[in-house]
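Visitor: Once you've looked at the hints, dock chain Z with the ligands against the given chain C.
Next come the chains, spelled out residue by residue.
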Amino acid sequence: MRLFSHQRPELPIVDHVKTDGTPWTLKEKLWLGLSMPDYFKQFFRNPVNWLMIGIFAVGLPLLLQRYIYGLTAVTHASNDYPWGLFLGFGLFGMVPLSASGFMLGTTVELFGRKDFHPIERLALLNGLLGYFFAVVYLEVDLGMPWRLPYPMVVSLGPAAVLFLVAWHVATYLSVQIAEVLPAFFEWIGWLKGKRVIRKMVLGLTIAGIILSTLHQGALGALFNYAPAKIHPLWLSINFQWIHFFCSSIFGGLSMVIVSSTLIRNFAGWRCDDTFKKSLDDITLKLGKGCSLAMITYLVIKLVAVAHDQEWEYLLTGWGGYFMLELGVGVILPMFMFAAAVRNNAPGLARAAAFISVVGIIWNRLNTSMIAFNWELYPEIPHWKEVWITITLYALYFITYRFIVYRLPIVYRWKGER
Amino acid sequence: MKSTVSRRNFIKGGLAGTVAATVLKENTSQAASFEGYPEGMGVLVDLTRCVGCRSCEAACNQEQKLPQPAKPFNDFSVFDEIEHGQKRRTDETRYTVVNRYDVPGQDHPLFRKIQCNHCQEPACLTSCFVNAYTKTPEGAVIYNAKVCVGCRTCMIACPFYIPTFKYSSAFNPRIMKCVFCYDTRLKDGKPPACVEACPQEALTFGKRSELIKIGQQRIRETSGKYEDHIYGEHEVGGTAWMYLSSVPFDKVGFDTHVPKEPILNLVKDFLGIVPMVLTIWPALFAGFHLLATRKDWLKGKTEDDHEEE
Ligand code: SF4
Ligand code: SF4
Ligand code: SF4
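As given, the protein sequences belong to chains C and Z, one line each in that order.
Everything in the first sequence is counted per the numbering used here, starting at 1 for the first residue and increasing by one.
Everything in the second sequence is counted per the numbering used here, starting at 1001 for the first residue and increasing by one.
Please keep in mind that the hints were generated in silico from the structure rather than gathered at the bench.
Hints are not guaranteed to be accurate.
[Unchecked claim] List of simulated lysine to aspartate or glutamate pairs, EDC-like, C-alpha gap at most 16 Å:
hint : chain 1 : residue 1 : chain 2 : residue 2
1    : Z       : 1087      : C       : 28
2    : Z       : 1166      : C       : 80
3    : Z       : 1251      : C       : 375
4    : C       : 18        : C       : 28
[Said to hold, decoys possible] Ranges of calculated distance between the beta carbons of each label pair, as one might list FRET restraints:
hint : chain 1 : residue 1 : chain 2 : residue 2 : range
5    : C       : 228       : Z       : 1137      : 25 to 31 Å
6    : C       : 269       : Z       : 1091      : 35 to 41 Å
7    : Z       : 1224      : C       : 68        : 55 to 61 Å
8    : C       : 152       : Z       : 1207      : 37 to 43 Å
9    : Z       : 1209      : C       : 308       : 31 to 37 Å
Just so it is clear, CB atoms sit at the ideal spot from N, CA and C, and this is done for glycine as well.
One chain only, chain C, in its complex shape (with noise of 0.2 Å):
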């Protein structure tokens, strides 16, 4: 973003109006008030855009042949293993990402800790657009995309965990916009909507809350439909939903330190001050948080080994495999954490949330497909699988990043709010 140079002091925008006291029209805001040529050379000047372009190119044609003929066309079509890598990652590891809307929601709003103030937006934004993109997911994964609010209005099965799931994860979408609406209000202008919205933040924070609980918790527990097929060390019938609903405690935590590190990192422009002055503060703080949790998460994890008997399944090449998951995804996080707290060295603590954010994805990417079906055979994902899984993300990436250059996130806005 260099062509924000200091020849145009205006810019980047945080206000209404301009330097001479005309408002920024909505077009300019959008074009983050360059002038096209402007906008795109510098668009084209960034190699991850290069990268995207790369992605979308094979990854839209897939989507359309997935639209067009069926999932067949672009999985392995398995009635062994219903479900693949669009729920396995997109669904089962992005909604514990983005846990992070609600903890610091409640840590701000509930608890009262100003302190996390400068990073509550973002934290909001990434559960936001994580659910909304776990939609998307969903959205290619199922059979029948266009009766997705079935579960809600035409045909109601109220007790199967997948009909928790719907609701919840439906409601709380609502809740989440809600919960960013203020910041796109700042940034339009339409100031009385955000005090509307204002006036509910408690309520919205407790249903977050409520809510999130919940379908963290339901997730887990619509494996307990599978008894007979995944790996006993990755299903605990009585504790599934705790060890879902804890871990996504350090998995949206670790993934607000990553997305704040992105931002700092390639977005410094976009960052106002306070978040750059407050962030290793407020990193080490989640890291701290997030220490926790995972102590928490690794006993909750033996009681269930213990509480079902199955040392022995440890000493087998699944338990190596599964203490080699514990080990790298949580243990050495927690450790680090653990040790930047004390060192005060946030650098560390970034690093170790990376690695939780990859730990998650990878204990959901065990449960749902390596340790499911452990007795027959292990699916590998068709290509185009892969490809489209990766083009969702980047089609999340780039979202992400288009919001968080606009809207008032990581800054704050000086116009009137």
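Guide: For chain Z with the ligands alone, coordinates are given in the frame of chain C:
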């Protein structure tokens, strides 16, 4: 000012939570107390009588208007087909398949027919979030393609790997599985096509409760011929299609580790906490909030602290 707004919100939230909890609770307990129909019909499959002629496969194919397979039904080389190290299974072109098992110590191979077992408390039914499945009083587990969303949770949940998905269709996909010939036969009290086609009387159609008696009788009267177990009497809470075998069931491809209770029981605990969270959380966290912001509140601050930021 702030505190009044907050309080009103808590009450509202609490009320909504309670209402939602009551509604949910009623619904779940309703479905949870469903015990299957004791008077339902079933089929007893006797592995010792099956000769692997595949007549049932052919009959089902015709009855259910499924596509013609690549190999005709009198081609027995299909028994050697192995995919991913597995024997043949149901898929979108076949609701039932017969597989051959060469069991060491037996002078002849054994054959096992698989199809939907029409569970008493079906996992497919209870896991479906749009209620696409119905257990009819006659004992069949049928499926309504008009409401199915294609999430394939039922395939995850079925302990016998029975439902399959018509992945090949982009605009009309659906679950494909044996329906006990409900529409064409069972509804009118007639035995299903595959049962009628069996030349060996390996498949016995009748009331489930009667079939259990018949099975026990066969086990009793031919001492040592059968394993002393009717597979499906108690597996996953009982199934309408049950099996008799002369060798241990795990030798002929049965999963003997499936729970002895309905799959639904395994999610009941979780469903049970839902009303609790819905009712307790609002009050709990409202309390936390009041505690955490107590000082500001005591000081009599009137500004909304969200605005002050
Ligand atoms: S065998 Fe599977 S598909 Fe058939 S009723 Fe039981 S759970 Fe459903
Ligand atoms: S695939 Fe259809 S029938 Fe199966 S659980 Fe999903 S909505 Fe229900
Ligand atoms: S009961 Fe009917 S649908 Fe089921 S396997 Fe037999 S013939 Fe096919």
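Visitor: Against this structure, judge whether each hint is valid.
Guide: Checked hints:
{"no.": "1", "hint": "Z:1087 <-> C:28", "in the structure": "violated (63 Å)"}
{"no.": "2", "hint": "Z:1166 <-> C:80", "in the structure": "holds (13 Å)"}
{"no.": "3", "hint": "Z:1251 <-> C:375", "in the structure": "holds (15 Å)"}
{"no.": "4", "hint": "C:18 <-> C:28", "in the structure": "holds (11 Å)"}
{"no.": "5", "hint": "C:228 <-> Z:1137: 25 to 31 Å", "in the structure": "holds (28 Å)"}
{"no.": "6", "hint": "C:269 <-> Z:1091: 35 to 41 Å", "in the structure": "violated (56 Å)"}
{"no.": "7", "hint": "Z:1224 <-> C:68: 55 to 61 Å", "in the structure": "holds (59 Å)"}
{"no.": "8", "hint": "C:152 <-> Z:1207: 37 to 43 Å", "in the structure": "holds (39 Å)"}
{"no.": "9", "hint": "Z:1209 <-> C:308: 31 to 37 Å", "in the structure": "holds (35 Å)"}
Hints 1 and 6 from the earlier list are contradicted by this structure; the remaining hints agree with it.
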